[in-house]
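Enquirer: Heads up: the protein sequence lines correspond to chains A and B, in order. For the first sequence, this note's numbering gives the first residue as 1, with consecutive numbering after it. For the second sequence, this note's numbering gives the first residue as 311, with consecutive numbering after it.
A hint or two may mislead.
Stated by the list, open to error - Part of the chain B face toward chain A, derived, beta carbon under 7 Å:
hint	residue
1	321
2	325
3	329
4	332
5	396
6	397
7	398
8	400
9	401
10	403
11	404
12	405
13	406
What the hints assert, rightly or not - Per the computed footprint, the stretches of chain A lying under chain B, defined by three or more beta-carbons under 8 Å from a beta-carbon of chain B, are:
hint	stretch
14	76-88
15	96-103
No lab work stands behind these hints, which were simulated from the structure alone. Even for Gly, the Cβ is constructed at its ideal location relative to N, Cα and C.
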Amino acid sequence: MYSIVVDELVKRYNGTKALDCVSFKVRKGCIFALLGPNGAGKTTLTNILTTLIEPDSGYAEVAGISVKEKIKVRERIGVVFQEPALDTRLTARENLEFHAMLYGVSKKEREKRIEKALELVGLKEWQDVLVEKFSGGMKRKLEMARVFVHTPEVLFLDEPTLGLDIQTRRKIWNYIKMLRSKGITIFMTTHYIEEAENLCDMVAIIDRGKIVKIGTVDGLRRELGEDTVYIELFEPCRLEVIEKFEEVMEVNIGEDGKTIQIIASKGDELIPKLLSSLSRSGIKVKAVSVKTPGLEDVFMKLTGRKFDGV
Amino acid sequence: MESKLLLSIYVLWLREMKRLIRSKSRFVSSLAMPLMFLIFLGSGFKGVQFQGVTSYIDFLTPGIAGMAVIFSSTFAGLSVLWDREFGFLKEIAVAPVSNVAVICGRIAGSATTSVFQAMAILILSVPLGFSPATTGIVASLPFIVLMAITFTGMGLFFAALIRDFHGFGLVINFVIFPLFFLSGAVFPISNLPSVVLPVAYLNPLFYGVDGLRAVLLKNSVLPAWFDLVASLIFSVVTVIVGAKAFDRL
Chain A
1 MYSIVVDELV KRYNGTKALD CVSFKVRKGC IFALLGPNGA GKTTLTNILT TLIEPDSGYA
61 EVAGISVKEK IKVRERIGVV FQEPALDTRL TARENLEFHA MLYGVSKKER EKRIEKALEL
121 VGLKEWQDVL VEKFSGGMKR KLEMARVFVH TPEVLFLDEP TLGLDIQTRR KIWNYIKMLR
181 SKGITIFMTT HYIEEAENLC DMVAIIDRGK IVKIGTVDGL RRELGEDTVY IELFEPCRLE
241 VIEKFEEVME VNIGEDGKTI QIIASKGDEL IPKLLSSLSR SGIKVKAVSV KTPGLEDVFM
301 KLTGRKFDGV
Chain B
311 MESKLLLSIY VLWLREMKRL IRSKSRFVSS LAMPLMFLIF LGSGFKGVQF QGVTSYIDFL
371 TPGIAGMAVI FSSTFAGLSV LWDREFGFLK EIAVAPVSNV AVICGRIAGS ATTSVFQAMA
431 ILILSVPLGF SPATTGIVAS LPFIVLMAIT FTGMGLFFAA LIRDFHGFGL VINFVIFPLF
491 FLSGAVFPIS NLPSVVLPVA YLNPLFYGVD GLRAVLLKNS VLPAWFDLVA SLIFSVVTVI
551 VGAKAFDRL
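The shape of chain B in the complex, shown without the other chains (with noise of 0.2 Å):
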């Protein structure tokens, strides 16, 4: 029975491993805006020091690679929307594989390209002056993992409440971006104003940012383990979340 479970979680992992390899060029244009905001901010800000850290890039690439996962994997959860437009969740609904198997395999195959993503933006960076501790990189695959599987999550969540393509834009623009500007990926929090603390508290995006700054600058607002546990918790909050939403669908 595990072994089956297994088997139908690699074969619609490797559908989206097929789709990704298939629309490189998707995969590099939705690289393109993680990437302005890099260039942009991190030039435009040149000089600016947050938390202690004297460069602004350094503080700017953890929360531009958390950027590139929360759009890739909310976007992943929000495509069970195509998937049933063009039909073909109906033929994975007859499938002999349980809807366990369905969610672990989309959420596989988002967290996967949230990773070619997030170390994208990570190596992309070092030209443009970025300068981890070398072991930062491997350290900062759990939290990029945690970060995808939370968004998918919240990607199914929201693709079973907007039911079509039309709120599409309404997840994006009062969802995604407000939680993006929460987040301290390009700010720190304790900058805002004291009213919205507690939103940025709640947010997942906010961990994950912190975890990544915590393993790659060592500076982070949280400690390392605190972060990781944080996320934990959220990403298995949300693929429950995620998981009754998407058996509604």
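Chain A with its partners taken away, still in its complex shape (with noise of 0.2 Å):
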């Protein structure tokens, strides 16, 4: 079952093509992220998908209904916008009510999913107060709170957290992952990485247009495969000790012989067995890390270009 399936979408700006033949599917109940540098079509694609554009060409569905169907997709999703979309002469309730009767909730209901949202996000407090007072993490934790009182089958997040500070951030990803566990599918665009790999199910990394490539997290990682292991010795070493072991691929000692740096499979598992058969030969270790590839290197890896959002 899949809440979002999209086919050959392309979509031109003044000839350069801002979506160059977009397939994917997104499972339902999952977080998925687009992740991809800036200019790299994400905007484009949300909009799409939340109908307020129209492809040049290719197929695009949400909640099982074409995008061409504005209004009925409409009915079934959420979206928050990078850019905070609430009416700042109103109050925090106001705007909760007038997205509520918006998306045709009761009356009844209202007020039940109205409480509940307030005090999810934290925002009881500040019901009565004009959101023109309110600070760029509040009307963000008011957009959500937007979501929980209509709840849509599929949650469209333009770079959820940019620009709010880490505690906000981290209080929004919660948000976010406890819609997921309401049955909600999550689509979102990011520049940070570190968000993709901390929240997402899916990941999909797009550049130019193109969607370079598709998986989870720990897929697209594995697929690199790669650790690099540092250690540093009070004194050099022979080659051999090290590179006994099956996970080792490379081995770069520095000219005093006391650094090295080890490029392994499985860089983890490595550390243990490498600190015991060192110390059996008597070698004392001064410092050992080790860095798993994120999904910064993945994107290197397969644009051959440096990741420019971070």
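Relying on the hints, combine the two individually framed chains into one complex.
Expert: Next comes the structure, spelled out in structure tokens:
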């Protein structure tokens, strides 16, 4: 069962392809992230899926309905934009009421949901304050509260934590996870790699209008498959001590012979074996660290360029 | 489907009303300019007779009511720019409501505000010497509403044309004020040089103000039914043009 199906979608702006034959599917109830640098085509794709713009060619459906049936799709989705989309001259509660009414939530149900939503995002005490007095983080929370009020099947989040401080960011992440636990499919764009890593079940990497890779975060990492282990010793050692392990793929020793960089398939498993072997050989270790590849490395490997979003 | 459309229009109208109630001071201050015109022109030109109306304040008041309507409803149309700036337009763009509902809701809100404004002018001018035909107040409502629809549509059109606030003053100075002066609101258009007369006859405000005079003073250039039909045609045309412009916004 898929919540989003995209097939050979193309969108051009003045002749250049903002989306170049994009195809993918998003399974129901998972968090899907579209990761890519600015101008990669994330917003264009989101705008097509949320019925704001029409593709030049190709097919897209959301919650089982073609995006051509705009109103029907809109009834089933929620959207939180990058920039706040609130009526700043209304209070927090009025914004939620207005939203619930627009989505046809009955009066009785409305009261109940608004109460709960305000509590969930921690804006209860602020409910009667005009939104123009809110900080950026509070506005984002209120927008998340809006999602609880009309419970969409699919939620679109465009850069949900852009410009927020760490604490608010973590809170927003928790709300997103909570929404997933209620069976809502979440489609988000981000250019924060750690956001995709922390939050998402599936990641699609988009670059210059094309999806260059799609998969789970772990899957993408595993495909890269290389950890880097750094060891610092008090005295130089021989290469054979290190090279004998099957995980080791490449060893580079610094000029002093004391700093060693090891490229290995499973760095975390290599370290204990390596340490006990070194101590048996009487070599004292000063420091050890391991770096597992992140999506950044995946991005670099796939596109040959550094990810400029971070 | 119809009931859903009506419900969406109601919700959007309700929002405009909430905002109106919230900004009472703005409502009052937007009355300030028409009131000043009313007081200063009314007393300054006391004794001037136009179209056989013996008291100038009688002649002037329907014109100033029209002025209040053209300003408040054009602002209402242009206020989509604010909604866009604060991102609120997007909230509506992804909501399950049609553009027809969005535009009708805005026009309904703007028309309500305009009725309040025009009524405030008509009532406040009574102590200044304005003596309208008693049935005229109710009969003036269709003219006020049609003017409000027309100029909200025009506001939407100019919002799409100027794209941001910087063009706001241009619209006020080069569209709204000329339309106001060429409407017969403060003096009959027959006093204007004949070159600009065709422009005056293409001015929706002329028919609105003339219609108001017809019902409030029983004195007008054209018969009331003609003013009403002309206002109706203008409102339909500008709403269609405004709606098309809104789609591009």
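Enquirer: Hints first: check each against the structure and report whether it holds.
Expert: Results for each hint:
no.: 1; hint: 321; verdict: 4 Å, holds
no.: 2; hint: 325; verdict: 6 Å, holds
no.: 3; hint: 329; verdict: 5 Å, holds
no.: 4; hint: 332; verdict: 6 Å, holds
no.: 5; hint: 396; verdict: 5 Å, holds
no.: 6; hint: 397; verdict: 4 Å, holds
no.: 7; hint: 398; verdict: 5 Å, holds
no.: 8; hint: 400; verdict: 4 Å, holds
no.: 9; hint: 401; verdict: 4 Å, holds
no.: 10; hint: 403; verdict: 6 Å, holds
no.: 11; hint: 404; verdict: 5 Å, holds
no.: 12; hint: 405; verdict: 4 Å, holds
no.: 13; hint: 406; verdict: 4 Å, holds
no.: 14; hint: 76-88; verdict: holds (count 9)
no.: 15; hint: 96-103; verdict: holds (count 5)
Of the hints listed earlier, there is not a single one the structure fails to meet.
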